[in-house]
Amino acid sequence: MSGTAVMRFRQPSVLPGFGIALGFTLVYLSGIVLIPLAAMILKSAGLGWAEFWRIVGDPRTLAAIRLSFGASLLAASINAVFGVLLAWVLVRYSFPRRRLADAMIDLPFALPTAVAGIALTTLYAPNGWIGQFLATLGLKVAYTPIGIVIALTFIGLPFVVRTVEPVLREFDREAEEAAATLGATRRQTVFRVILPSLLPAILTGYALALARSIGEYGSVIFIAGNIPYVSEITPLLIVIRLEEFNYAGATAIAAVMLAISFSMLLIINLIQAWSRRRFGHDG
Amino acid sequence: MDIRIENISKTFGQHPAVNSVSLEIRSGELIALLGPSGSGKTTLLRLIAGLEHPTGGRIFFGDEDASRKSVQARNVGFVFQHYALFKHMSVADNIGFGLRVRPRAQRPSRREIRARAEELLDLVQLPGYGERFPAQLSGGQRQRVALARALAIEPRVLLLDEPFGALDAKVRKDLRRWLRELHDKTGHTTIFVTHDQEEAIELADRVVVLNKGVIEQVGTPDEIYDTPASPFVHQFIGEASSLPVTLSNGEVWLADRATGLRSEGNGEAILYFRPNHIEVVEGCSGCIAGVVVGSRRVADTRRVEIEIGAGRHRVEIDLPVGHPAGEGSRIAFRPTRWRLYLSGASENAAPRKVAVHA
Numbered sequence: 005m006s007g008t009a010v011m012r013f014r015q016p017s018v019l020p021g022f023g024i025a026l027g028f029t030l031v032y033l034s035g036i037v038l039i040p041l042a043a044m045i046l047k048s049a050g051l052g053w054a055e056f057w058r059i060v061g062d063p064r065t066l067a068a069i070r071l072s073f074g075a076s077l078l079a080a081s082i083n084a085v086f087g088v089l090l091a092w093v094l095v096r097y098s099f100p101r102r103r104l105a106d107a108m109i110d111l112p113f114a115l116p117t118a119v120a121g122i123a124l125t126t127l128y129a130p131n132g133w134i135g136q137f138l139a140t141l142g143l144k145v146a147y148t149p150i151g152i153v154i155a156l157t158f159i160g161l162p163f164v165v166r167t168v169e170p171v172l173r174e175f176d177r178e179a180e181e182a183a184a185t186l187g188a189t190r191r192q193t194v195f196r197v198i199l200p201s202l203l204p205a206i207l208t209g210y211a212l213a214l215a216r217s218i219g220e221y222g223s224v225i226f227i228a229g230n231i232p233y234v235s236e237i238t239p240l241l242i243v244i245r246l247e248e249f250n251y252a253g254a255t256a257i258a259a260v261m262l263a264i265s266f267s268m269l270l271i272i273n274l275i276q277a278w279s280r281r282r283f284g285h286d287g
Numbered sequence: 006m007d008i009r010i011e012n013i014s015k016t017f018g019q020h021p022a023v024n025s026v027s028l029e030i031r032s033g034e035l036i037a038l039l040g041p042s043g044s045g046k047t048t049l050l051r052l053i054a055g056l057e058h059p060t061g062g063r064i065f066f067g068d069e070d071a072s073r074k075s076v077q078a079r080n081v082g083f084v085f086q087h088y089a090l091f092k093h094m095s096v097a098d099n100i101g102f103g104l105r106v107r108p109r110a111q112r113p114s115r116r117e118i119r120a121r122a123e124e125l126l127d128l129v130q131l132p133g134y135g136e137r138f139p140a141q142l143s144g145g146q147r148q149r150v151a152l153a154r155a156l157a158i159e160p161r162v163l164l165l166d167e168p169f170g171a172l173d174a175k176v177r178k179d180l181r182r183w184l185r186e187l188h189d190k191t192g193h194t195t196i197f198v199t200h201d202q203e204e205a206i207e208l209a210d211r212v213v214v215l216n217k218g219v220i221e222q223v224g225t226p227d228e229i230y231d232t233p234a235s236p237f238v239h240q241f242i243g244e245a246s247s248l249p250v251t252l253s254n255g256e257v258w259l260a261d262r263a264t265g266l267r268s269e270g271n272g273e274a275i276l277y278f279r280p281n282h283i284e285v286v287e288g289c290s291g292c293i294a295g296v297v298v299g300s301r302r303v304a305d306t307r308r309v310e311i312e313i314g315a316g317r318h319r320v321e322i323d324l325p326v327g328h329p330a331g332e333g334s335r336i337a338f339r340p341t342r343w344r345l346y347l348s349g350a351s352e353n354a355a356p357r358k359v360a361v362h363a
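Protein chains in written order, with my numbering: chain A, 5 to 287; chain B, 6 to 363.
Since the hints were made in silico from the structure, they are not lab data.
Beta carbons: idealized from backbone N, C-alpha and C, even for Gly.
Each statement offered as a hint is correct.
Covered stretches of chain A, going by a simulated chain B footprint (3 or more residues, C-beta under 8 Å):
hint, segment
1, 182 to 191
2, 194 to 207
Derived CB-CB ranges, DEER-like:
hint, chain 1, residue 1, chain 2, residue 2, range
3, A, R190, B, E69, 21 to 31 Å
4, A, T126, B, E136, 55 to 65 Å
5, B, E159, A, A107, 48 to 58 Å
6, B, V176, A, I271, 35 to 45 Å
7, B, Q19, A, T126, 44 to 54 Å
8, B, G270, A, R190, 52 to 62 Å
9, A, N273, B, E159, 39 to 49 Å
10, A, R173, B, F17, 16 to 26 Å
Excised from the complex, chain A in its bound form (with noise of 0.2 Å):
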């Protein structure tokens, strides 16, 4: 380490302890995150390159990925626009019971997901209360990725709504107001003035709610049925590979996971930081 960079790091401040604080980030990001990642790498890495590939490349695992992903980016995305409306319902109206339905945003949350799952199925279910509908229209939901998306959305939702209600909140109404005295239609307003304002809230609850998605298993495994190359997951994928006491097969599919997810979270981030900038929110 040059000096120079420990004269960055250490200028004087207010607030003290600067260098326990530290410390005790890094020791606990260490033992709570860091070490066991490093561990399921290092088992992994333990396949050697060839092995690693060809569990990797082995198109039931590149078909599960490929869903995993995909649901979770579409889950994440319907969220994305319907948790800004709810949001907006909720923080701009005011109606009967308002607090009764902000209170049930957080039931996903709340809820043991198998329960989520379970009931979900029960709904979708060719002769549930839902799907015997969907039935007659021919769309089937339960047992398909179609359904794999509804129980992403379904605990995915309170990500976006929640970071995007106190933003939305705080929102200046004096520009609204600005821009309708500038000659803005409604529409204008809604899509050039506030909704830009809400976009860094909006990246951080869809950031979120995707990589709650892509980990998501208990609410998935129940209304996915689980057919291998059509609706299997990556996380069962891992969890049946572990059945099988195939150790490092399970980890080289996390690994490949976790690089991509790292990878997707660190995009969100960085387009969220530049937003920011833009922003000014950080001078």
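Put chain B on the given structure of chain A with help from the hints.
Below, chain B alone, put in the same frame as chain A:
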């Protein structure tokens, strides 16, 4: 653009914020709406802009009834106290916003909008600031950008809601003078809201004094200051002291003592005078006398607080800095310019003025 306001009212729930106000504003005038908080001045401004819908009454822009028109159609430039700039847009984009949202047929080209933004940045003395974001500007600069944005749409009237309220004293003074120059240069009909009487008097062609949703007085700064139409205006504009007096036999009496002031009329009244409009008198046959209870230095004079008579009414007068009167000493004076308002009438009703001695 002439603006005519006819019996405009606005009620929020049970509370009348603006109560049947009528006002005429001539084209090119710089008008101040002045009043304490809750006087309805901002509501009146927002009614003119169309940001509030009147409960009753009408507003004319020229000969055209604007009261049924939407905000968008009124074509007003509105400047908010807290700037209300679009934070995610550059300064140039903020200024061009009003032009960019026009329907395609009336929308200038991208290059024209750009040029107009540059032109306005020059006008508000921020050349070269187009690429910055609002967060990178100081409060005074932001407010000038907000003004440029409002001017970009070539508004028929410019409305400013406490435009300098969020700025510190020095910047406020500079911007005040600058706004006056800008107004003289561009000639927009301008209405601004303020609670600062000094700002209103220094800046405006005419001042509208509002209190509790009604107009107390409309006049030039001189008229408002020298001939206030009501006790409220007398107290709100500048410094003023008041004393309850009795009128009889053509004289003004304070309790049972003659004040030396002469006036027609009979009955209870309230005497108003300003601290600097007095003369100190020696011996007291016809004067107001009391005991000094406190004093403080105000600019070039000493402002002395005096407690008068059994009623223990306190008034303030200005004395020369070197005047020997100390705390507890007795002093006698007589107002040189003063006004009387018949009391008994409730504060809301316009008190009848019975005598003016200016």
